[in-house]
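Spelled out, the chains give:
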Amino acid sequence: MKKIIFFILISFSSCISIQRYEKIKIAGSDTMYKLLEILSAVYMKNNPNVSIYVTGGGTEYGFQGLENGQADIAMASRNIHSDELKIIIDKFNSIGISHLIAKDAIVIYVNSNNPVENLSIEDLNKIYLCKINNWKDLGWKNQEILAYRRMSTSGTYHYFKSHILNGEDYCQNIIAIQNHETLISLIEQNENSIGFGGLGNHSDAKPIKVNNIYPLTENIKKDKYPLTRYLQLFTISEPKGYVRDFINWIMSNEGQNIIKNFGYVGIL
Amino acid sequence: MNKLNLKIIILIILIIKFFGYNKLICNSLNEDLININNIKNHSFALADDSMFGRGNGQLGLKIAQKYIIDQLSKNKIDKNNIIIQSLPVIEINTLENSEFEFINNFGTKKLSLYREYYIHSSGLMSYFPNELDLVFVRYGIFAPEIDYNDYYGINVVGKTVVFFDGVPNELNSNELIARYGQLEAKKRIALARGAIACILIPINEIKNNNDWKNLGNDYEKPEYNLPFFTSNILTIILHPELTDLLFNFDKNNLESKNFTYENSQILNTKMVFKGRYRDRSFNISNIIYEIKSTNPKYNDEYLVITAHYDHLGVSKPIDNDSIYNGFYDNAIGVSVLLELSKILTEQRDILKRSVLCIFFAGEEIGLLGSRYFTKNPIVPLYKMIANINIDGVAFIDNFKNVIGVGANYSNLKEFLSDIALDNNLFLDTNFNKKEAFDAFYNSDQVAFAYAGVPSILILDGLEYKNVSFEYGINRLIEYIENYYHNPKDDVNLNINWNATLQYSQFLLDFIIKLNNCEKVPEWYNNKFYLERLRTRAEKR
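Chains as they are written, first to last, in my numbering: chain A, 1 to 268; chain B, 1001 to 1540.
Calculated from the structure, these hints are not laboratory results.
Please note that the accuracy of each hint is not assured.
As the list claims (entries may be wrong) - Capping the alpha-carbon separation at 27 Å, the derived lysine-lysine pairs in DSS-like fashion look like this:
{"id": "1", "chain 1": "B", "residue 1": "Lys1040", "chain 2": "B", "residue 2": "Lys1383"}
{"id": "2", "chain 1": "B", "residue 1": "Lys1074", "chain 2": "A", "residue 2": "Lys224"}
{"id": "3", "chain 1": "A", "residue 1": "Lys240", "chain 2": "B", "residue 2": "Lys1110"}
{"id": "4", "chain 1": "A", "residue 1": "Lys260", "chain 2": "B", "residue 2": "Lys1375"}
{"id": "5", "chain 1": "B", "residue 1": "Lys1221", "chain 2": "A", "residue 2": "Lys221"}
{"id": "6", "chain 1": "B", "residue 1": "Lys1400", "chain 2": "A", "residue 2": "Lys260"}
{"id": "7", "chain 1": "B", "residue 1": "Lys1274", "chain 2": "A", "residue 2": "Lys131"}
{"id": "8", "chain 1": "B", "residue 1": "Lys1383", "chain 2": "A", "residue 2": "Lys161"}
{"id": "9", "chain 1": "B", "residue 1": "Lys1110", "chain 2": "A", "residue 2": "Lys161"}
{"id": "10", "chain 1": "B", "residue 1": "Lys1221", "chain 2": "A", "residue 2": "Lys222"}
{"id": "11", "chain 1": "B", "residue 1": "Lys1375", "chain 2": "A", "residue 2": "Lys86"}
{"id": "12", "chain 1": "A", "residue 1": "Lys224", "chain 2": "B", "residue 2": "Lys1221"}
{"id": "13", "chain 1": "B", "residue 1": "Lys1270", "chain 2": "A", "residue 2": "Lys161"}
{"id": "14", "chain 1": "B", "residue 1": "Lys1062", "chain 2": "A", "residue 2": "Lys221"}
{"id": "15", "chain 1": "B", "residue 1": "Lys1513", "chain 2": "A", "residue 2": "Lys86"}
{"id": "16", "chain 1": "B", "residue 1": "Lys1274", "chain 2": "A", "residue 2": "Lys224"}
{"id": "17", "chain 1": "B", "residue 1": "Lys1062", "chain 2": "B", "residue 2": "Lys1342"}
{"id": "18", "chain 1": "A", "residue 1": "Lys25", "chain 2": "A", "residue 2": "Lys45"}
{"id": "19", "chain 1": "A", "residue 1": "Lys25", "chain 2": "B", "residue 2": "Lys1375"}
{"id": "20", "chain 1": "A", "residue 1": "Lys209", "chain 2": "B", "residue 2": "Lys1274"}
{"id": "21", "chain 1": "B", "residue 1": "Lys1488", "chain 2": "A", "residue 2": "Lys222"}
{"id": "22", "chain 1": "B", "residue 1": "Lys1270", "chain 2": "A", "residue 2": "Lys240"}
{"id": "23", "chain 1": "B", "residue 1": "Lys1316", "chain 2": "A", "residue 2": "Lys221"}
{"id": "24", "chain 1": "A", "residue 1": "Lys206", "chain 2": "A", "residue 2": "Lys260"}
{"id": "25", "chain 1": "B", "residue 1": "Lys1274", "chain 2": "A", "residue 2": "Lys222"}
{"id": "26", "chain 1": "A", "residue 1": "Lys126", "chain 2": "B", "residue 2": "Lys1110"}
{"id": "27", "chain 1": "A", "residue 1": "Lys224", "chain 2": "B", "residue 2": "Lys1040"}
{"id": "28", "chain 1": "B", "residue 1": "Lys1221", "chain 2": "B", "residue 2": "Lys1488"}
Chain A with its partners taken away, still in its complex shape:
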C-alpha cells in the first residue's frame, strides 16, 4: 500500500511538472508595446513553457502594475518619477532596477500631403503652446494646425512636455489621443494634422526633420537628432528565473537584432 501511495505521489508530481508553465506579465509604455509583443512571441516560440502577457496603457500604468503586483516588468519610455519610486521603496524595500534595451527618438509626424520637411524645437514649442496655429506661419498654405498629443499616462507625453515645452502644460486646444496607433491613423486621415511618437512604430504618416536632422539610426546613435531617449524595462528587484532569462535574451544578439529590425537603435 505504501508503495502504491508513493507511486501515485510520484506520478502526480510528475504530472504537475509536465503541466507547469511560467507566466511573465509586462505592462506599460505604448511606444514599446508592439516591440515587446514581437520579442515575446519569438521568446515563447523558443520557450514553450513560458507565457508572456503584454499590455500597454502608458509608462505610468507600467509602474502602477509593478506596485500592485499586476506586472513583473514595467515598460518605460521615460525615467521613473521620484514619487513612483518612493511607493516601490516603501512597499518592496527596493529601489528597483532599470534595464536599458534600446535607444529611441521622439519622431514628429505630419500628413504625407504636407510639404513641410523640417521644424525647429522652437516651432514645436510654439505649436503645442498654441502660439502658432496656422500652417502658413510654417511655410505652407493657410490652414489651421490640428495638433495631437498622447495621454498624460504616456512616457512620450512627459518627455515631449519637459524637452520641448520646458515643463509648461500643453495648451488646451491640443487633442489627447489614447494610443500611438490611433494617433498615427488620425494624422493620415487629416491633412492639416501633426503629432509625435516613438521611432519604431512603422506607419504611413510622414516623419520630418527636427532642427534640420532626420531621425535616422545613425543620427540617433550619435545624438545628432535632438530628441533621443532610452527605452527601459523596469523590475522591482534583480530579476530571477524566466524574467531574468527573458531580459538576458533581449540583450543577446538575437534579441537586439529583432529590436534593430523593428526600427529602434540597439544597445549592443
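With chain A fixed as given, assemble chain B onto it according to the hints.
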C-alpha cells in the same frame, strides 16, 4: 622492492601528504617558479604606447585583450579554458551647454559646468526644466541604529536635497562611517525618501580652488554604466565657495533669522537643470581563464584571482602626453596574474580546488567588469570560496609586513596572518580603518564582497628591509601626487623588481595554501556583507 619497503614508502608519502605536503611543495614553488623577467616583459608590453593606455571603449583595450589571450594560450591548455565575457557599456557625457540655475528673490544665478559644479551622476540624462524646491538635509544621513535622521520631519518628495560631505559627530564608529559616509549611500537614502535630485557640497574635502580643479580628474569625464542598474538620481557636486550664495537668501531673510547649518530645512532658493548630453554604447570584455583542479572531490569549488587590465586610455594631455599608460595601475598587476596563471597551470596537480584567473575590464569606469561578472558568473557564486584581487603590487623595497585590505571583514585575516608568518612576514593591522574601507570599496574585490564572496586585496606594508618607513611613505605620496592617473605612470616609473618578485612569491604561497586548505573563508558574523550569504544560500 619488497612489501615492507613499499609499505614504508607509502607511509612516508601519506605523512608528507597529510602533515607537510602543502608546506613543502609551496615553499619550493615560491622560490623557484616565479620568473620576474616574465613579469617585467609583460608589464613593459602592456604599458607600451602601442597599447594606447588600454582605455575602455578604445582600440588599446582590444589590443591588450589580444595580448593577454595570446599569453594565456601559451599555457598549453585546452582553448575552452579561456572564456571571453563581453559586456555592453553605456557612456553618457554631460555637455557644457547644460543649464543649471539657482533662483531666489535676489535673482537668478546661472552656474558653469566644471568651474562651479560637476555632475556626479546624470540619473540617466535627467532634465528638470521646472523649478524644483531645495531642501537642506545637513549630511543627508538616516541611521536608524543610532536614531540619527537628517530627514526628520521634512518632506523631500519631488524636491532636491542639499547636503554636505562627511558625517556628523554622532556617527562615531568606523562601521557607521563606512556604511553612511559614502556618497552612494547618501544618494540611496535620498532616493528612498522620494527626492528627485541631490546636491553635494564637499566643504570638508575641498579646501581651495586647487582641490576643486583636482576633482575634475574624476568628474570631467563621461559617466559609465551597465545597461542594467539600480535606480539612480541626478547628483550635482557644487563648489563650496557657492555655499553662501545658496544659503544667503535664507540667512538674510527676516523670516529665516534662525537659519543654522545645524537644522534640516526647506530653502527659499529653487533650482532648474536642463541637462544636455551625448551618449553612446560599446562593448568591453572580461577574460576568464579556468584552471581545473584534478581533485574530483573539490574541483567544483573555485578560488578566484583577479586583476583589471584596463586603464584610462588616450585622454586629456598633461605635459604634451595624452597616453595614460597605467604601468603600475595595473599593467604590473596583470603581469603578475599572467605569471601566476602559468605556474598554477603547470602545477595544477597539486591544486585541491579549481582556480579562476579573471582579467577584468571596466574597473576604471566604476568596476563595471567585476560588477557584471558577479551578476553573470560563469560558475555559481556559492562555489567560489574567495576572491584575491591584485591592484597595486610591491614596488618600493623588500617588505617585512603585509596589509590585507578587506581582511577585517572575514577570517581571511587569519589565513593572511598565518601565511605571512610562514613567509617571515607579519600582518600590519595598524592602519586607518576608514582609509582601509575606501581602499576596499575602490577596486574589484568589493564586487565579490557585495555578491557574498569573501574577498581581499593584499598590499605590502610600510616596513622595509633596506629603506626607512619615511622613505616608503614619501614614495607612496610621490606616486599619488605625480603619477596616479597621470600619463607619467609609464615604463619610466622607478620599480624595485625585487620587491615585486617577493610580493608575487608571497601571493603564490597564499593562493596555494588558501586553495588547498580544508577550511574555507567565511565572513565574520557582525559584518554587513554577511547578509549577502543569504542570497548565496538561496541560489544553492
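Status of each hint after checking the structure:
1. B:Lys1040 with B:Lys1383: With a Cα-Cα distance of about 33 Å, the restraint between lysine 1040 of chain B and lysine 1383 of chain B is violated, given a limit of 27 Å.
2. B:Lys1074 with A:Lys224: Violated: lysine 1074 of chain B and lysine 224 of chain A sit about 46 Å apart, past 27 Å.
3. A:Lys240 with B:Lys1110: Roughly 46 Å between the alpha carbons, so the hint for lysine 240 of chain A and lysine 1110 of chain B is violated.
4. A:Lys260 with B:Lys1375: Within the cut-off at roughly 26 Å; holds.
5. B:Lys1221 with A:Lys221: With a Cα-Cα distance of about 20 Å, the restraint between lysine 1221 of chain B and lysine 221 of chain A holds, given a limit of 27 Å.
6. B:Lys1400 with A:Lys260: violated (59 Å)
7. B:Lys1274 with A:Lys131: holds (23 Å)
8. B:Lys1383 with A:Lys161: Judged against 27 Å, a Cα distance of about 50 Å means the pair is violated.
9. B:Lys1110 with A:Lys161: holds (23 Å)
10. B:Lys1221 with A:Lys222: holds (18 Å)
11. B:Lys1375 with A:Lys86: Answer holds: lysine 1375 of chain B to lysine 86 of chain A is near 25 Å, not above 27 Å.
12. A:Lys224 with B:Lys1221: Satisfied, since the Cα-Cα distance of roughly 20 Å is no more than 27 Å.
13. B:Lys1270 with A:Lys161: The given pair, whose Cα atoms are some 20 Å apart, holds under the 27 Å limit.
14. B:Lys1062 with A:Lys221: Holds. Lysine 1062 of chain B to lysine 221 of chain A sits at ~22 Å (cutoff 27 Å).
15. B:Lys1513 with A:Lys86: violated (48 Å)
16. B:Lys1274 with A:Lys224: holds (17 Å)
17. B:Lys1062 with B:Lys1342: holds (22 Å)
18. A:Lys25 with A:Lys45: holds (17 Å)
19. A:Lys25 with B:Lys1375: Holds, because 23 Å separates the two Cα atoms, which is no more than 27 Å.
20. A:Lys209 with B:Lys1274: Measuring from Cα to Cα gives roughly 22 Å; hence the hint holds.
21. B:Lys1488 with A:Lys222: Since the Cα atoms of lysine 1488 of chain B and lysine 222 of chain A sit roughly 32 Å apart, the hinted pair is violated (cutoff 27 Å).
22. B:Lys1270 with A:Lys240: violated (41 Å)
23. B:Lys1316 with A:Lys221: holds (24 Å)
24. A:Lys206 with A:Lys260: Distance of about 20 Å is within 27 Å: holds.
25. B:Lys1274 with A:Lys222: holds (20 Å)
26. A:Lys126 with B:Lys1110: Between lysine 126 of chain A and lysine 1110 of chain B the Cα gap is close to 25 Å, so the pair holds against 27 Å.
27. A:Lys224 with B:Lys1040: violated (45 Å)
28. B:Lys1221 with B:Lys1488: holds (19 Å)
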